[in-house]
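Just so you know, the sequences run in chain order G and U. When we follow our numbering, the leftmost residue of the first sequence carries the number 1, and every step to the right adds one. When we follow our numbering, the leftmost residue of the second sequence carries the number 1, and every step to the right adds one.
Simulated from the structure, these hints should not be mistaken for lab results. Hints may contain errors.
Keeping only pairs whose Cα atoms sit at most 30 angstroms apart, straight-line, the calculated BS3-like set for lysine-lysine is [stated by the list, open to error]:
#1 U:Lys58 to G:Lys28
#2 G:Lys85 to G:Lys105
#3 G:Lys105 to U:Lys12
#4 G:Lys105 to U:Lys58
#5 U:Lys58 to U:Lys21
#6 G:Lys105 to G:Lys74
#7 G:Lys28 to G:Lys85
#8 G:Lys85 to U:Lys12
#9 G:Lys74 to U:Lys9
#10 G:Lys74 to G:Lys85
#11 U:Lys21 to G:Lys28
#12 U:Lys58 to G:Lys85
#13 G:Lys28 to U:Lys12
#14 G:Lys105 to U:Lys21
#15 G:Lys55 to U:Lys21
#16 U:Lys9 to G:Lys55
#17 G:Lys105 to G:Lys28
#18 G:Lys55 to U:Lys58
#19 U:Lys21 to U:Lys9
Each chain is listed here by its residues.
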Amino acid sequence: MISPLDLRGLTIYINRVEELSLPEARRKRLLVVLFIPSVERDSVTEIDQDQWVDKALEMFGRVFGGATAFPRAKGIWRDDERGGKLVRDNPVVLHCYMAPEDMEKPHNQTSLGAFCRQMGRETNQGEVGLVINDEYLAITNLSED
Amino acid sequence: MRPQIDIDKIAKGLGAERRGKVHVTSGHFGAMQLVAEVQARFRVPAGGGRATDPSWTKRRLVPLAQNTLSRLEELAHNIEEKRHIHVDPMQVAALLLENITAQIADEDAEQIVDAARSSG
């Protein structure tokens, strides 16, 4: 137990770094989610998902300052257009918190859009899915320009 | 509080089309819940091609005049040019059909059918 006399000798440490980092944390309040597929559009051919997760993290880190990839989700669904065949789809979800202003910059949109189209083309997808501010967006035109 | 952003402008800048609202929460469980919601609501058909509304489960052959098909192609092309949204002419037809079917009065439908029969 500390006596009242001893208290005079203690030092109170004020962490100013924590204080300074708060405005930055408040600024990054827009959540963008990218889905990285596990299979091609035929729902059978597997893709190199780990490679695309790494590429996506690099892009989000470079352009928007960081991101987090969650462990893959395990999904299954019945494809009624193909005789009720069960299809497994295990996407990785990547979360990126960013400042809304960063998403509004045209060159950042160009970088993100180009990455999504490249991933869609090279992994042979029907579309690439993003969630921005609680809205699902789909990129279906996967051509380079 | 959700940030105020111009989602139309962002979608255009990304070359994306808006599909609908989802419920997003942070953290691992939020991420997994989001996967489940997106897989259920916005899944791309397995045979490839573009995402369609999951409620479009019925298919019927509908005979069309060439000029109607041309007009649908023109509408789809214009939508793609202006809004950067990929849409097939027959998806436009299905949307128009849904819209008109929901709005048209029985008497108007009868008049249109009568007019078509008398002119044919």
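Structure-based check of each hint:
1. Between U:Lys58 and G:Lys28, the direct Cα distance comes to roughly 44 angstroms. Violation of the 30 angstroms bound is thereby established for this hinted pair.
2. Distance hint between G:Lys85 and G:Lys105 is unfulfilled; the C-alpha atoms sit about 43 angstroms from each other, more than 30 angstroms.
3. Between G:Lys105 and U:Lys12, the direct Cα distance comes to roughly 12 angstroms. Compliance with the 30 angstroms bound is thereby established for this hinted pair.
4. At roughly 42 angstroms between alpha-carbon atoms, G:Lys105 and U:Lys58 are farther apart than 30 angstroms, so this suggested pair is violated.
5. Taking the CA atoms of U:Lys58 and U:Lys21, the gap is near 25 angstroms; set against the 30 angstroms cutoff, the hint holds.
6. Restraint check for G:Lys105 and G:Lys74: not satisfied, since their Cα atoms lie roughly 34 angstroms apart, outside the 30 angstroms limit.
7. For the hint linking G:Lys28 to G:Lys85, the alpha-carbon distance of about 42 angstroms lies beyond 30 angstroms, and the restraint is violated.
8. In summary, the hint linking G:Lys85 to U:Lys12 is not supported, as the alpha carbons are separated by about 36 angstroms, beyond the 30 angstroms threshold.
9. The straight-line distance between the Cα atoms of G:Lys74 and U:Lys9 is roughly 33 angstroms, outside the 30 angstroms bound, and the hint therefore fails.
10. For a cut-off of 30 angstroms, the pair hint linking G:Lys74 to G:Lys85 stands: about 17 angstroms separates their Cα positions.
11. Of the pairs offered as hints, the one joining U:Lys21 and G:Lys28 holds, with about 21 angstroms between alpha carbons and a cut-off of 30 angstroms not exceeded.
12. This hinted pair checks out: U:Lys58 and G:Lys85 have alpha carbons roughly 19 angstroms apart, not beyond 30 angstroms.
13. Annotation: proposed proximity of G:Lys28 to U:Lys12 holds, straight-line Cα distance about 22 angstroms (limit 30 angstroms).
14. Of the pairs offered as hints, the one joining G:Lys105 and U:Lys21 holds, with about 23 angstroms between alpha carbons and a cut-off of 30 angstroms not exceeded.
15. A hinted pair counts as satisfied when its Cα atoms are at most 30 angstroms apart, and G:Lys55 with U:Lys21 qualifies at roughly 27 angstroms.
16. At roughly 26 angstroms between alpha-carbon atoms, U:Lys9 and G:Lys55 fall within 30 angstroms of each other, so this suggested pair holds.
17. Proximity of G:Lys105 to G:Lys28 is assessed by CA-CA distance (about 15 angstroms); at most 30 angstroms being required, the pair is judged to hold.
18. Restraint check: the Cα-Cα separation between G:Lys55 and U:Lys58 comes to about 40 angstroms, which exceeds 30 angstroms; the hinted pair is violated.
19. A hinted pair counts as satisfied when its Cα atoms are at most 30 angstroms apart, and U:Lys21 with U:Lys9 qualifies at roughly 16 angstroms.
Checked against the numbered hints above, the structure violates hints 1, 2, 4, 6, 7, 8, 9 and 18; every other hint is satisfied.
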